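For reference, the chains in residue letters:
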Amino acid sequence: MFRYYLKLGVLSIRANPALSALMAAAIAIGIGACMSIVTVRHVMTDNPIAHKNDVLLHVQLDNWNPDDPYDEPNEPPEQVTYIDATALHQAGRAFRQTISFKSDRVVQPDGDDAKPFQEVVRATTADFFAMFDVPFEYGGGWDSAADQTEERVVVISAAMNQRLFGGEDSVGRMMTMNNDPYRVAGVLAEWMPLPKFYDLNNNPYEGAEDIFLPFSLAVTGEWGSSGNNSCWKPIDGGSYADYLASECIWIQMWVELKSASDRGTYLQFLDDYVEQQKQLGRFPRDLNNRLSTPAEWLLNREVVDETIDVLLSLAALFLLVCLLNTIGLLLAKVMRRTNDISLRRALGASKSALFSQYIIEAGMIGIAGGIAGIGMTWLGLQGLENVFSDYDFIAYLIKMDWSMVMLAVLLAIVSALGAALYPTWRACSVSPATALRIQ
Amino acid sequence: MEIGPIWRAMMKNKAGFVLIALQIAVTMTIMVNAFAIMQERSKNVGRASGLDESNTFAFASALFADYENAQIQALIDEDLALLRGLPGVRNAVASNSFPLRQGGWSQGLQLKPGSQGTDTVGTAIYFVDEHGIDTFASTVIDGANFTPNQVTWKVEDDNTWPAYGIITEALAKELFPDEPESVVGKTVYINDDEPVNIVGVIDRLQAPWQGWSGVERSLLVPQRRAPGFQRYIVRTEPGYRDELMPQVEELLSNSNLDRIIRDMTTMDQVRRLAYIGDTAMVKILSFVVGLLTIITGLGIVGLASFNVSRRTRQIGIRRALGATKPTIVRYFMVENLLVSSIGLAIGGVLSVAMNMAMVEAFALEPLAWYVIPTAMIALWAVGQVAVAGPAKRASNISPAIATRSI
Numbered sequence: 038m039f040r041y042y043l044k045l046g047v048l049s050i051r052a053n054p055a056l057s058a059l060m061a062a063a064i065a066i067g068i069g070a071c072m073s074i075v076t077v078r079h080v081m082t083d084n085p086i087a088h089k090n091d092v093l094l095h096v097q098l099d100n101w102n103p104d105d106p107y108d109e110p111n112e113p114p115e116q117v118t119y120i121d122a123t124a125l126h127q128a129g130r131a132f133r134q135t136i137s138f139k140s141d142r143v144v145q146p147d148g149d150d151a152k153p154f155q156e157v158v159r160a161t162t163a164d165f166f167a168m169f170d171v172p173f174e175y176g177g178g179w180d181s182a183a184d185q186t187e188e189r190v191v192v193i194s195a196a197m198n199q200r201l202f203g204g205e206d207s208v209g210r211m212m213t214m215n216n217d218p219y220r221v222a223g224v225l226a227e228w229m230p231l232p233k234f235y236d237l238n239n240n241p242y243e244g245a246e247d248i249f250l251p252f253s254l255a256v257t258g259e260w261g262s263s264g265n266n267s268c269w270k271p272i273d274g275g276s277y278a279d280y281l282a283s284e285c286i287w288i289q290m291w292v293e294l295k296s297a298s299d300r301g302t303y304l305q306f307l308d309d310y311v312e313q314q315k316q317l318g319r320f321p322r323d324l325n326n327r328l329s330t331p332a333e334w335l336l337n338r339e340v341v342d343e344t345i346d347v348l349l350s351l352a353a354l355f356l357l358v359c360l361l362n363t364i365g366l367l368l369a370k371v372m373r374r375t376n377d378i379s380l381r382r383a384l385g386a387s388k389s390a391l392f393s394q395y396i397i398e399a400g401m402i403g404i405a406g407g408i409a410g411i412g413m414t415w416l417g418l419q420g421l422e423n424v425f426s427d428y429d430f431i432a433y434l435i436k437m438d439w440s441m442v443m444l445a446v447l448l449a450i451v452s453a454l455g456a457a458l459y460p461t462w463r464a465c466s467v468s469p470a471t472a473l474r475i476q
Numbered sequence: 028m029e030i031g032p033i034w035r036a037m038m039k040n041k042a043g044f045v046l047i048a049l050q051i052a053v054t055m056t057i058m059v060n061a062f063a064i065m066q067e068r069s070k071n072v073g074r075a076s077g078l079d080e081s082n083t084f085a086f087a088s089a090l091f092a093d094y095e096n097a098q099i100q101a102l103i104d105e106d107l108a109l110l111r112g113l114p115g116v117r118n119a120v121a122s123n124s125f126p127l128r129q130g131g132w133s134q135g136l137q138l139k140p141g142s143q144g145t146d147t148v149g150t151a152i153y154f155v156d157e158h159g160i161d162t163f164a165s166t167v168i169d170g171a172n173f174t175p176n177q178v179t180w181k182v183e184d185d186n187t188w189p190a191y192g193i194i195t196e197a198l199a200k201e202l203f204p205d206e207p208e209s210v211v212g213k214t215v216y217i218n219d220d221e222p223v224n225i226v227g228v229i230d231r232l233q234a235p236w237q238g239w240s241g242v243e244r245s246l247l248v249p250q251r252r253a254p255g256f257q258r259y260i261v262r263t264e265p266g267y268r269d270e271l272m273p274q275v276e277e278l279l280s281n282s283n284l285d286r287i288i289r290d291m292t293t294m295d296q297v298r299r300l301a302y303i304g305d306t307a308m309v310k311i312l313s314f315v316v317g318l319l320t321i322i323t324g325l326g327i328v329g330l331a332s333f334n335v336s337r338r339t340r341q342i343g344i345r346r347a348l349g350a351t352k353p354t355i356v357r358y359f360m361v362e363n364l365l366v367s368s369i370g371l372a373i374g375g376v377l378s379v380a381m382n383m384a385m386v387e388a389f390a391l392e393p394l395a396w397y398v399i400p401t402a403m404i405a406l407w408a409v410g411q412v413a414v415a416g417p418a419k420r421a422s423n424i425s426p427a428i429a430t431r432s433i
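As you go down the protein sequences, you meet chains A and B in turn.
The working numbering puts the first sequence at residues 38 to 476.
The working numbering puts the second sequence at residues 28 to 433.
Everything labelled a hint here was simulated from the structure, so no lab data went into it.
Treat each hint with caution, since some may be false.
A short, non-exhaustive set of chain B residues, derived as facing chain A with CB atoms under 10 Å [what the hints assert, rightly or not]:
no., residue
1, Val167
2, Ile168
3, Met308
A few chain A positions that, by computed beta-carbon distances, are all more than 10 Å from chain B [unchecked claim]:
no., residue
4, Val75
5, Arg130
6, Pro172
7, Gly420
It should be emphasised that the depicted structure is a prediction, and the values quoted were computed from it without experimental measurement.
No residue lacks a Cβ here, since even glycine has one placed at the ideal position from N, Cα and C.
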């Protein structure tokens, strides 16, 4: 029976090719509009470290101004001070912990005609790579001894390795930055955390840094942060040591616990630490420390631009218009076939038989619309990429994966079936007598 | 007229018309709200920054060797002398930032010294020498430019603020709203209690953050600073920009090998990047509205065609009974007008409701009064154009049809 209805459906679609095409196109365009926005949003809201979400925690301490919260209503600062970062890192009370910030360095490639270039580097600690599951192509990170000994080591990205060493195994080779030599300890495989969950300041979609080196090295070299830096009270003096001793926040801190159940214990440790610092005259505000999983942190920082939500609501309405269009056209089609239908009813076709027939026909249009919708989504994404081409990170956001393709087809079929319900119901309720009466 | 019969005929077959009316209503809702967003976004895009944008470019020089302060000062002087001496360069300056760059220095100014209970007015700060005003293409409308001996190098570990400043007209109005006379010679305070004497007022120079409500407020300070990272802004004679940019990059890269020249960019690029969100939104929304109008139009065509073919026999009968072609056309036009009007009435209510929700959720501005009437007229027109084709075909149905059975 199913095959027979399929055949009938094909016949009916063929009988009105322009109209059927219009219906499929309307669904396709509606799906395309919705799915291109949904796809971009999907990448933007992704949690790239979801598999470790329950054990990774971002650390916030409220060392801010007693009269004014860092952010309304009572948000602690997003980053921590040097004093607290190093104290908590040294305490080592979590399974793993890392403190880091980004800075600028000038890379000087070997060779006389190679031009030096500036790079954003991440100064961090040994646990960074293991905590965030950073994949290595060659070698590995530095061990925690290097965090103390200020060993001049670097970990570079696959792209940087390509640029400096032509992509070969460069572990043990030397590179120069700001006239200082560094030994390559490891080369990363492709790694593109989007959003860059471990540091959402500035641009969350700029991708990971291409060079990583020990935090202690950066501090000894008196490097400044090229990310955000906020201070609520003046620094006592102009030297780098004064800056390190200040209440300025500029370091991102993360910890990894053995199990999610240790979260309370670690928070208690933070609270004890702050209570102790209060004795020393720091932390004038009420106790307000916070731990956030990557998912909580992404939500808290509202990584998603509200523009995308405006577009999403408009796209949803757009799909609604396309569906209303399809319902109207399907209805017209059914009404035109009233005589057919009532004749079939008079000849003994049951309501459920008619229902199957028309829903199958609508389903076919839905599938056609869905497949065309994938194409439309692709076109829509190309359009978005084009419109935002001045952002060099836009290509990362324009990515369609299989889950999105499946969602597009599913949405199309559900939409088409949803649109077909009312017209099909109208078809089923045609009375058998009508046809006989008119003829 | 025939509204009565047309209305009763529609009521016999409500569903199709209800759907079209709803479609028109939602289309109108999208159209109106998209237009409101576009209007808000495009308002900002056209604002002038104050710079001679088409003849200005900027770049940064990043030093990566350890230089003493005096060495850096000498390098900056050397760079600026080289830049200003190039044929085709009108002027050049080293500053901390420039309009539309989206990163810069801001601080509060106040009329009375003191740290408590004083109102401050936020402003962007540009550190410049006496070439700043000409490079930024600003015009002194009151007072005078800095004299060369007002310009000083910042002394290391000394945070004293220079005693002079030039402000934009907008900042002057914000600081001294009730001052009919010149503000030149007045004193404002920065860092709670450091006096700044206003020596001049310029017409316009935007702050680096185009999204900030105080974007027209800038203060020029006659101080030169010598960190290893310097931003240079170069204003060329008309037409020289594109040939000068690679030339300057080459010259400066080779004049000192302990630094790199980077971020070479025209002001046109800076502007594009600064407003990319706004221009993209306008493009996307106009495309969406256009596409939507086409879809709704096609939907009307489709439904009208069906109605025409379903009613072939009735139309034939009417023709046979003496209805003229224009009468038939008018029938469909009036029918569409009725459906559109109902849809647009619903659409009007939906548009306002959605706009209120968006004003609430996304802090948009409320609708301008003329948006809804304009959208209504536009959609009425779309409906009439869409229905014209099928109506014409209906009027061509031969009266003889009436004599045939189906």
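Hints versus structure:
1. Val167: violated, 34 Å
2. Ile168: Nearest chain A Cβ about 34 Å off; hint violated.
3. Met308: holds, 6 Å
4. Val75: Holds, since 15 Å exceeds 10 Å.
5. Arg130: Since the minimum Cβ distance to chain B is about 37 Å, A/Arg130 lies beyond 10 Å and the statement holds.
6. Pro172: holds, 30 Å
7. Gly420: violated, 7 Å
Checked against the numbered hints above, the structure breaks hints 1, 2 and 7 and satisfies the rest.
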